[in-house]
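When you get a sec, could you build the whole thing from the sequences and use the hints?
Sequences listed follow chains A and B, in order.
No gaps in the numbering here: position 36 of the first sequence is 24 in our numbering, and each next residue is one more.
Add 287 to a position in the second sequence, counting from 1, and you land on the number used in our numbering.
Note that these hints are calculated values from the structure, not bench results.
Beta carbons are placed, not taken as given, at the ideal position from N, Cα and C, and that holds for glycine.
Among the clues, some could well be false.
Have a look at the derived ranges for each label pair, beta carbon to beta carbon [as the list claims (entries may be wrong)]:
| # | chain 1 | residue 1 | chain 2 | residue 2 | range |
| --- | --- | --- | --- | --- | --- |
| 1 | A | I108 | B | A295 | 25 to 33 Å |
| 2 | B | C339 | A | A119 | 18 to 26 Å |
| 3 | B | S299 | A | E8 | 24 to 32 Å |
| 4 | B | P296 | A | D116 | 19 to 27 Å |
| 5 | B | V324 | A | D78 | 44 to 52 Å |
| 6 | A | R69 | B | P296 | 33 to 41 Å |
Listed below are the residues making up each chain.
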Amino acid sequence: MPDCVSYDRSVGSLGQLTTEDVITRVLGGDRADHRSGLADVSEQLRAANEAAWAATSPRLLELCRVRIAILLGCAGEVDARTPGSGVSDDLLGAIRSWPTDPRFDVLDRACLAFTEHYVIDVASIDDDTVAAVREHLGDEGAANFVNSLLVVEQRIRLRLVWDRLFGGM
Amino acid sequence: MERSARVAPGTSVDGTLRTALGGFAAATVRLPTVDPVTTEIVRLRCAHHHDCGT
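Dropping the structure here:
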């Protein structure tokens, strides 16, 4: 068996930290021991997050990030705001009513419908749900959106696991 | 379950994002925390869950 990675068990309460800070606290960030491999994971996860927000409309990704956080029960991500997304607190507060609230446009709705299906049962997303996203974003835009969504969802799920493992809920 | 492609052939993901995602997956698999067999079982389970044939 390979040697076990030594996680820092004294990370303290994670509840009030941003997800980025949680990642740094758990994986070690710049202080991580490269021999353990954790530093590589931390760096790649950070790079993927930056690339996701650059490849997709920050407005769309922010709406979908908060919707994922609500569905998965991640309070830290529900309360967090991404600087520069251009989405108001009022709109994020109304995100549960996206199907009927007129402040959400057709692109918002297409992407939020996709996101909900993605979180609940990713393998059963139907053609129409994908087509609605493609209609507005095009093929490459849709591909970038889905990959960006994957990054956002992974970070939230990781945070939920770490919150439960190391405390903070 | 086999599905037809939902995007046009040749559609590519943003290069920086694709590289970073691949790097994250590779760095995770390289971690010595979990033995290779368990890692592979988890990888296959994730692929099945995501309906990913690649």
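Now for the hints, and whether the structure bears them out:
Remark: the range hint 25 to 33 Å for I108 (chain A) to A295 (chain B) is upheld by a beta-carbon distance near 27 Å. A hinted range of 18 to 26 Å for the beta carbons of C339 (chain B) and A119 (chain A) is consistent with their spacing of about 20 Å. Here the CB-CB span from S299 (chain B) to E8 (chain A) is close to 28 Å, well matched to the stated 24 to 32 Å. For P296 (chain B) and D116 (chain A), the hinted distance range of 19 to 27 Å is satisfied, since their beta carbons lie about 21 Å from each other.
At roughly 50 Å, the beta carbons of V324 (chain B) and D78 (chain A) sit within the given window of 44 to 52 Å. The supplied range of 33 to 41 Å is met by R69 (chain A) and P296 (chain B), whose beta-carbon atoms lie about 39 Å from each other.
Figure legend: structure checked against the earlier numbered hints; every hint is met.
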